[in-house]
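From just these sequences and the hints, can you work out the full model?
Order-wise, the sequence lines are chains A and B. Using the UniProt record's numbering, you'd call the opening residue of the first sequence number 1 and step up by one each time. Using the UniProt record's numbering, you'd call the opening residue of the second sequence number 1 and step up by one each time.
Since the hints were made in silico from the structure, they are not lab data. Be aware that one or more of the hints could be misleading.
As the list claims (entries may be wrong) - Label pairs and their in silico Cβ distance ranges:
{"no.": "1", "chain 1": "A", "residue 1": "P334", "chain 2": "B", "residue 2": "G146", "range": "32 to 38 Å"}
{"no.": "2", "chain 1": "B", "residue 1": "R144", "chain 2": "A", "residue 2": "A448", "range": "46 to 52 Å"}
{"no.": "3", "chain 1": "A", "residue 1": "G114", "chain 2": "B", "residue 2": "T266", "range": "39 to 45 Å"}
{"no.": "4", "chain 1": "A", "residue 1": "R120", "chain 2": "B", "residue 2": "W191", "range": "35 to 41 Å"}
{"no.": "5", "chain 1": "B", "residue 1": "T209", "chain 2": "A", "residue 2": "Q70", "range": "55 to 61 Å"}
{"no.": "6", "chain 1": "A", "residue 1": "Q392", "chain 2": "B", "residue 2": "V269", "range": "38 to 44 Å"}
{"no.": "7", "chain 1": "B", "residue 1": "L335", "chain 2": "A", "residue 2": "G15", "range": "51 to 57 Å"}
{"no.": "8", "chain 1": "A", "residue 1": "R120", "chain 2": "B", "residue 2": "S185", "range": "38 to 44 Å"}
{"no.": "9", "chain 1": "A", "residue 1": "L234", "chain 2": "B", "residue 2": "G146", "range": "43 to 49 Å"}
{"no.": "10", "chain 1": "B", "residue 1": "M59", "chain 2": "A", "residue 2": "G114", "range": "41 to 47 Å"}
{"no.": "11", "chain 1": "A", "residue 1": "A330", "chain 2": "B", "residue 2": "P65", "range": "55 to 61 Å"}
{"no.": "12", "chain 1": "A", "residue 1": "G114", "chain 2": "B", "residue 2": "R144", "range": "54 to 60 Å"}
{"no.": "13", "chain 1": "A", "residue 1": "E131", "chain 2": "B", "residue 2": "L335", "range": "50 to 56 Å"}
Claimed, not checked - Listed next, the stretches of chain B that the computed footprint assigns to chain A, with coverage defined by at least 3 CB atoms under 8 Å from CB atoms of chain A:
{"no.": "14", "stretch": "162-169"}
{"no.": "15", "stretch": "201-211"}
{"no.": "16", "stretch": "226-236"}
What the hints assert, rightly or not - Just a sample of chain A residues kept apart from chain B, beta carbon distances all over 10 Å, derived:
{"no.": "17", "residue": "D28"}
{"no.": "18", "residue": "Y208"}
{"no.": "19", "residue": "T267"}
{"no.": "20", "residue": "R331"}
{"no.": "21", "residue": "I338"}
{"no.": "22", "residue": "N357"}
{"no.": "23", "residue": "R374"}
{"no.": "24", "residue": "I377"}
{"no.": "25", "residue": "R382"}
{"no.": "26", "residue": "I386"}
{"no.": "27", "residue": "S406"}
Cβ coordinates follow ideal geometry from the N, Cα and C atoms, glycine included.
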Amino acid sequence: MVPTDRTVLETAGIGKSFAGVHALRGVDLTLHAGQVHALIGENGAGKSTLIKVITGVHRPDAGRLRFGGQEREFRSPSEAQKAGISTIYQEVNLVPMMSVARNLFLGREPRRFGLLDVRRMNREAGRVLAEYGVEVDVTRPLQTLGLGAQQMVALARAVQVEARVVIMDEPTSSLEPREVETLFSVIRGLTARGIAVVYVSHRLDELYAICDRVTVLRDGRVVHSGELAGLDRLELVSLMLGREQSVVRDKGTTAFGAGRRSRAGGTPALRARGLSVRHRVHDVSFDVHPGEVVGLGGLLGAGRSETAKAVVGALGAGAGSVEVAGRPLARRSPAAAIRAGVVLLPEDRKVEGIVPNLSVRENIVLAALPTLSRAGIVSRARQDEIVDRFVQRLRIKTSGPDQKVSDLSGGNQQKVLLARWLCLDPEVLLLDEPTRGIDVGAKAEVQALIDELASDGLGVLLISSDPEELIEGSDRVVVLKDGAVVGELTGEQVSEEGLLAALSHHPADECGPVPEPEPGPDPDPEPGPGIVPESVPQPASDTATGTDSGDEKGTAR
Amino acid sequence: MSPTVLTSAVPDRGPEPEPRRTTGGAGSVGRERRERLAAQVQRRGALVVLALVAAVASMVSATFPTWSNVSAILGNDAFVWLLALGMTFVIITGGIDLSVGSMYALGGVLAAYGAQTHGTWLAIVLPLAVGAAWGTVQGLLVSRAGMAPFIVTLAGLLGARGLLQLVTDEGATTYLVPPGSAFRSLGAGTWTPVLIVAALFGLGAVLLTRTRFGADLTAIGGNENAARLMGLPVARTKLLVHVLSATLAAAAGALGSARLGSGVTTIGVGYELTAIAAVVIGGTLLTGGSGSVGGTVTGVLLLAVIHNLIDQYASQYGSAFTDTVNGAFLAVVVLVQALLARGRQEE
Chain A
1 MVPTDRTVLE TAGIGKSFAG VHALRGVDLT LHAGQVHALI GENGAGKSTL
51 IKVITGVHRP DAGRLRFGGQ EREFRSPSEA QKAGISTIYQ EVNLVPMMSV
101 ARNLFLGREP RRFGLLDVRR MNREAGRVLA EYGVEVDVTR PLQTLGLGAQ
151 QMVALARAVQ VEARVVIMDE PTSSLEPREV ETLFSVIRGL TARGIAVVYV
201 SHRLDELYAI CDRVTVLRDG RVVHSGELAG LDRLELVSLM LGREQSVVRD
251 KGTTAFGAGR RSRAGGTPAL RARGLSVRHR VHDVSFDVHP GEVVGLGGLL
301 GAGRSETAKA VVGALGAGAG SVEVAGRPLA RRSPAAAIRA GVVLLPEDRK
351 VEGIVPNLSV RENIVLAALP TLSRAGIVSR ARQDEIVDRF VQRLRIKTSG
401 PDQKVSDLSG GNQQKVLLAR WLCLDPEVLL LDEPTRGIDV GAKAEVQALI
451 DELASDGLGV LLISSDPEEL IEGSDRVVVL KDGAVVGELT GEQVSEEGLL
501 AALSHHPADE CGPVPEPEPG PDPDPEPGPG IVPESVPQPA SDTATGTDSG
551 DEKGTAR
Chain B
1 MSPTVLTSAV PDRGPEPEPR RTTGGAGSVG RERRERLAAQ VQRRGALVVL
51 ALVAAVASMV SATFPTWSNV SAILGNDAFV WLLALGMTFV IITGGIDLSV
101 GSMYALGGVL AAYGAQTHGT WLAIVLPLAV GAAWGTVQGL LVSRAGMAPF
151 IVTLAGLLGA RGLLQLVTDE GATTYLVPPG SAFRSLGAGT WTPVLIVAAL
201 FGLGAVLLTR TRFGADLTAI GGNENAARLM GLPVARTKLL VHVLSATLAA
251 AAGALGSARL GSGVTTIGVG YELTAIAAVV IGGTLLTGGS GSVGGTVTGV
301 LLLAVIHNLI DQYASQYGSA FTDTVNGAFL AVVVLVQALL ARGRQEE
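Given below as structure tokens:
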């Protein structure tokens with residue numbers, strides 16, 4: 001990376017408010033050519049709003065934006081793009097049904113005699129994508145690619161424009177480690193060409209791996225801006241949270257699992273036997289006892305979400321049996337599972353969880369309506385009582401029960417979903433990535449809630465891609481691979497080494513025996529939910545993702 | 001312990017992209033083939049059915065493959081097919097245009113009025129201008145005011161019908177295209193209508209597949225939010241699509257009156273639904289984002305052939321039977337599309 005002092009983009013005193021609520025207040029941000037600038041903060045700190053102001057989606061109420069030495073005001077995303085600011089959004093924002101090549105060139109297709117030159121478009125698309133390690137038939141619909149490859153197409157698209165600033169909003173949330181490495185090498189290529197990169201991520205390791213400078217936002221204000229190198233993690237986290245460093249150090253960034261005793265034995269809260277769903281889950285059996293948190297471990301695509309869905313019968317007909325507190329589930333459907341006391345907090349809360357246009361109250365009582373109503377009439381007073389209780393108990397930050405749930409931050413949306421299920425008084429909670437995409441503070445709160453709930457005697461099945469969270473939060477870990485159980489970690493085995501050993505244990509032909517925990521081949525001195533260190537380069541061609549539509553994260557929508 | 005180590009510790013995940021399968025690479029090829037086949041069926045299924053129906057009809061009936069019958073199939077309703085052409089564009093953006101049936105009738109009456117009072121030039125200009133203006137208003141309401149296309153064009157359906165009543169003194173006045181008018185020659189015979197319609201469909205196909213406008217409107221239907229964030233002209237494209245649809249409908253009506261020799265006020269009721277049916281049978285997704293002009297051609301031809309067959313062999317059951325068969329086709333096509341979509345999601 002070539003450090004330079006050339007300022008490409010500069011905002012001064014940017015302010016923006018929505019419906020009287022300040023989202024941004026006096027934000028100054030300076031981007032230098034050839035540098036990667038980290039933009040971090042808790043959810044609701046204003047990162048997305050700031051990005052949207054810079055890229056012309058929102059117009060600021062106050063402040064100035066200088067770009068390339070001139071004062072500019074972008075009225076639409078296309079104006080910002082034409083000026084040379086391109087953006088990669090967290091969720092892949094492409095058109096799933098159109099071909100890869102079309103997606104790459106939408107809005108700036110090569111033309112001949114006024115008509116699109118489809119052949120040249122396809123040829124160039126193939127050439128461009130090969131540079132990103134994506135070797136696919138570019139005439140195929142984008143949706144047939146894996147999520148990682150789609151993200152790479154989005155990246156290629158953003159970078160291909162004559163960009164001077166590239167903004168990446170959580171670009172790695174759907175990438176696998178080696179794809180992250182490809183992304184990093186692309187970023188290094190960009191900075192070498194003098195492009196300024198804005199990098200938004202919740203993953204601290206990534207920031208330290210790739211970023212030069214950092215700006216920390218909190219409650220719409222800049223609380224810190226400067227070189228990243230001189231700032232240690234502790235400082236960074238406490239800046240984001242706005243808490244004293246000593247508090248962070250004492251309590252750790254996660255206190256997950258601390259002070260909880262599992263009470264195994266007796267009748268399991270959940271007993272699953274021989275769960276099978278065609279092609280996806282093969283003969284998975286496990287128990288969850290009251291007061292116990294059982295982790296489901298495995299790599300992307302191991303069938304963790306599918307297992308949770310199979311338990312509640314959300315995947316249609318499948319083999320196997322489920323018992324809840326000793327009573328077998330006769331019919332396997334989400335409705336029957338809910339009645340029996342098994343509830344699933346889905347992975348994708350935007351698509352499978354919240355109803356964005358409904359209020360906080362409506363979202364919370366949604367599943368409880370049948371039990372709240374008499375002769376089809378729902379008492380508002382009883383609703384409010386429940387809503388008040390859970391808003392307080394789960395510490396949901398909301399202006400009131402009538403606030404639209406889509407206006408809440410990600411962490412609070414997740415709590416609303418938790419409240420929805422908790423007011424049904426369930427026996428078993430199935431939590432699929434409960435802390436994904438929510439900020440550090442909210443994450444700790446959700447983790448603390450899970451602890452509390454388990455202590456209250458609920459059985460919890462926890463799915464998390466964050467190994468640290470999985471290990472710290474779980475009493476036991478059932479390890480899945482290719483939709484089958486390949487091991488179970490108990491007691492001392494519940495450690496990162498144990499998980500690693502179970503995952504690297506060769507599966508396919510043998511299931512069941514717990515592998516001896518053994519140290520990993522390359523123990524990192526600083527364990528964490530870390531991402532690829534720079535010293536492990538992966539050949540770019542490895543990223544060819546082919547037809548990975550069986551991605552556990554589901555297809556792009 | 002970083003995930004890189006995790007991955008590299010699992011050698012069998014190598015280049016194999018599909019993690020859940022336990023068998024080798026053959027499954028991937030098979031699945032890809034199935035997927036391609038599914039996409040082909042979605043796009044060309046109607047063509048297969050059309051070929052089958054035509055083949056069976058030709059074998060069973062001596063009159064079906066005769067020139068007079070084919071020219072009846074092609075010539076009589078060809079102009080109405082233009083409604084389906086415009087509808088294809090609207091539906092691919094994820095919208096709907098319910099006003100085309102009324103606009104068809106209004107276009108016909110305006111053309112006859114123009115031909116009767118001022119001659120051929122007004123017979124052509126008046127319906128096109130009114131259609132374009134009508135489409136502009138509807139398009140602005142959809143794209144700028146953010147109203148639902150269903151509501152806007154439902155209002156358009158009623159409004160255009162009302163305007164028609166006004167122009168014809170509630171049907172009391174019938175405008176006739178003078179017998180000697182050059183305007184009449186546009187709708188005469190089999191070949192002129194078919195060539196005009198074929199040319200417009202050809203232009204439509206080029207517009208959809210080979211221009212930025214076509215790419216933009218497909219992208220909008222596929223993912224409007226993404227299209228906006230990619231900087232595509234979303235509002236302008238939606239406006240133009242509505243202008244195109246209304247103008248085509250008015251032009252179709254004008255050509256229809258050239259064929260019939262007068263502006264018929266009662267015509268066009270329910271045509272918007274037939275047009276939607278033809279588009280959907282042709283494999284265009286009603287939710288937008290995917291579709292083709294060629295599919296719509298197949299759709300209108302299939303409906304026309306069925307109509308023709310029922311007229312010839314099942315007329316004792318009445319014309320209600322036609323709509324029942326059309327309805328059944330529509331239901332089957334949409335069912336198959338839904339099954340394909342579900343199958344693909346579950347893969």
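Tested hints:
no., hint, in the structure
1, A:P334 to B:G146: 32 to 38 Å, "holds, 34 Å"
2, B:R144 to A:A448: 46 to 52 Å, "holds, 48 Å"
3, A:G114 to B:T266: 39 to 45 Å, "holds, 42 Å"
4, A:R120 to B:W191: 35 to 41 Å, "holds, 37 Å"
5, B:T209 to A:Q70: 55 to 61 Å, "violated, 39 Å"
6, A:Q392 to B:V269: 38 to 44 Å, "violated, 59 Å"
7, B:L335 to A:G15: 51 to 57 Å, "holds, 53 Å"
8, A:R120 to B:S185: 38 to 44 Å, "holds, 43 Å"
9, A:L234 to B:G146: 43 to 49 Å, "holds, 48 Å"
10, B:M59 to A:G114: 41 to 47 Å, "holds, 46 Å"
11, A:A330 to B:P65: 55 to 61 Å, "holds, 60 Å"
12, A:G114 to B:R144: 54 to 60 Å, "violated, 28 Å"
13, A:E131 to B:L335: 50 to 56 Å, "violated, 43 Å"
14, 162-169, "violated (count 0)"
15, 201-211, "holds (count 4)"
16, 226-236, "holds (count 8)"
17, D28, "holds, 25 Å"
18, Y208, "holds, 12 Å"
19, T267, "holds, 33 Å"
20, R331, "holds, 21 Å"
21, I338, "holds, 23 Å"
22, N357, "holds, 15 Å"
23, R374, "holds, 36 Å"
24, I377, "holds, 31 Å"
25, R382, "holds, 35 Å"
26, I386, "holds, 34 Å"
27, S406, "holds, 14 Å"
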